[in-house]
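In this note's numbering, the protein residues as written are 347 to 432.
Keep in mind the hints are simulated off the structure, nothing from the lab.
Ideal Cβ placement from N, Cα and C applies to all residues, glycine included.
Hints may contain errors.
When the alpha-carbon atoms are kept at most 30 Å apart in a straight line, the in silico DSSO-like pairs for lysine-lysine are as follows [said to hold, decoys possible]:
(1) Lys393 / Lys350
(2) Lys379 / Lys416
(3) Lys427 / Lys416
(4) Lys355 / Lys416
(5) Lys393 / Lys416
(6) Lys350 / Lys427
(7) Lys350 / Lys416
(8) Lys379 / Lys427
(9) Lys379 / Lys355
(10) Lys379 / Lys393
(11) Lys355 / Lys393
(12) Lys393 / Lys427
(13) Lys350 / Lys379
(14) Lys355 / Lys427
Here are the in silico distance ranges between beta carbons for each label pair [unchecked claim]:
(15) Lys427 / Arg375: 14 to 22 Å
(16) Arg411 / Glu362: 13 to 21 Å
(17) Arg395 / Gln371: 16 to 24 Å
(18) Tyr374 / Asp429: 15 to 23 Å
(19) His366 / Ala406: 28 to 36 Å
(20) Leu403 / Leu378: 15 to 23 Å
(21) Cys384 / Lys350: 17 to 25 Å
(22) Gly377 / Arg412: 28 to 36 Å
(23) Arg411 / Arg391: 24 to 32 Å
(24) Arg411 / Gly377: 29 to 37 Å
(25) Tyr388 / Lys350: 25 to 33 Å
(26) Cys351 / Leu403: 14 to 22 Å
(27) Ala406 / Lys427: 16 to 24 Å
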Amino acid sequence: MSEKCFNLKIGGAFFEISPHETILQCAYRNGLKIEYQCASGYCGRCKMRLIEGRVRLEHAGGISRRNIAKGFILTCCTFPKSDVEI
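Use the sequences and the hints to build the structure in full.
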């Protein structure tokens with residue numbers, strides 16, 4: 347049985363993303379360059395706004411509760427739980 351994948355929309359382009367793949371991993375796999383530094387959820391460099399969808403954010407302190415409440419995510423440690431647009 348195959349794994350359920352989702353659609354990731356970034357800047358008008360659509361990509362298939364696994365629920366076990368971060369948004370940053372998917373972007374790089376498809377040739378998109380998202381700025382990042384630590385890839386571990388510490389630095390906050392890969393912060394982007396979530397426009398639509400449900401995600402699981404597993405950060406290590408690199409984003410404030412205020413920014414999360416405003417809809418921001420860290421692409422290096424955010425996993426899709428539905429189709430996602432950023």
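Quick rundown of the hints versus the structure:
1. Under the criterion of a C-alpha separation no larger than 30 Å, the hint pairing Lys393 with Lys350 is consistent with the structure, at around 26 Å.
2. A C-alpha spacing of about 24 Å is found between Lys379 and Lys416, which places the hinted pair at or below 30 Å, so the restraint holds.
3. Pair hint Lys427 plus Lys416 holds up; C-alpha atoms about 19 Å apart against a cutoff of 30 Å.
4. Proximity of Lys355 to Lys416 is assessed by CA-CA distance (about 19 Å); at most 30 Å being required, the pair is judged to hold.
5. Between Lys393 and Lys416 the alpha-carbon distance is near 12 Å, which keeps this suggested pair within the 30 Å criterion.
6. Of the pairs offered as hints, the one joining Lys350 and Lys427 holds, with about 10 Å between alpha carbons and a cut-off of 30 Å not exceeded.
7. A hinted pair counts as satisfied when its Cα atoms are at most 30 Å apart, and Lys350 with Lys416 qualifies at roughly 28 Å.
8. Straight-line distance between C-alpha atoms of Lys379 and Lys427 comes to about 22 Å, which keeps the hinted pair within the 30 Å bound.
9. Between the alpha carbons of Lys379 and Lys355 the distance comes to roughly 14 Å, so the proposed pair stays at or under 30 Å and holds.
10. Distance restraint check for Lys379 and Lys393: the Cα-Cα separation of roughly 13 Å lies within the 30 Å cut-off, and the hinted pair is therefore satisfied.
11. For the hint pairing Lys355 with Lys393, the CA-to-CA distance comes to about 16 Å; that is within 30 Å, so the pair holds.
12. Between Lys393 and Lys427 the alpha-carbon distance is near 18 Å, which keeps this suggested pair within the 30 Å criterion.
13. Our distance criterion of 30 Å between C-alpha atoms is met by Lys350 and Lys379, whose separation comes to about 25 Å.
14. In summary, the hint linking Lys355 to Lys427 is supported, as the alpha carbons are separated by about 14 Å, within the 30 Å threshold.
15. The hinted range of 14 to 22 Å is satisfied by Lys427 and Arg375, whose Cβ atoms lie roughly 19 Å apart.
16. Judged by the Cβ atoms, the range 13 to 21 Å given for Arg411 and Glu362 is violated: they are separated by roughly 31 Å.
17. Checking the proposed 16 to 24 Å range against Arg395 and Gln371 shows it holds: the Cβ atoms sit about 19 Å from each other.
18. Look at Tyr374 against Asp429: about 20 Å separates their beta carbons, and that is inside 15 to 23 Å.
19. A beta carbon spacing of about 18 Å between His366 and Ala406 contradicts the range 28 to 36 Å that was offered as a hint.
20. Checking the proposed 15 to 23 Å range against Leu403 and Leu378 shows it holds: the Cβ atoms sit about 20 Å from each other.
21. Cys384 and Lys350 have their C-beta atoms about 29 Å apart, which leaves the hinted 17 to 25 Å range violated.
22. One distance hint, 28 to 36 Å for the beta-carbon pair Gly377 and Arg412, holds here, with the actual separation near 33 Å.
23. Between Arg411 and Arg391 the C-beta distance comes to about 19 Å, which lies outside the given range of 24 to 32 Å.
24. About 33 Å separates the C-beta atoms of Arg411 and Gly377, a value consistent with the hinted range of 29 to 37 Å.
25. For Tyr388 paired with Lys350, a C-beta distance near 30 Å keeps the hint of 25 to 33 Å intact.
26. About 19 Å separates the C-beta atoms of Cys351 and Leu403, a value consistent with the hinted range of 14 to 22 Å.
27. For Ala406 paired with Lys427, a C-beta distance near 20 Å keeps the hint of 16 to 24 Å intact.
Comparing the model with each numbered hint stated earlier shows that hints 16, 19, 21, 23 do not hold.
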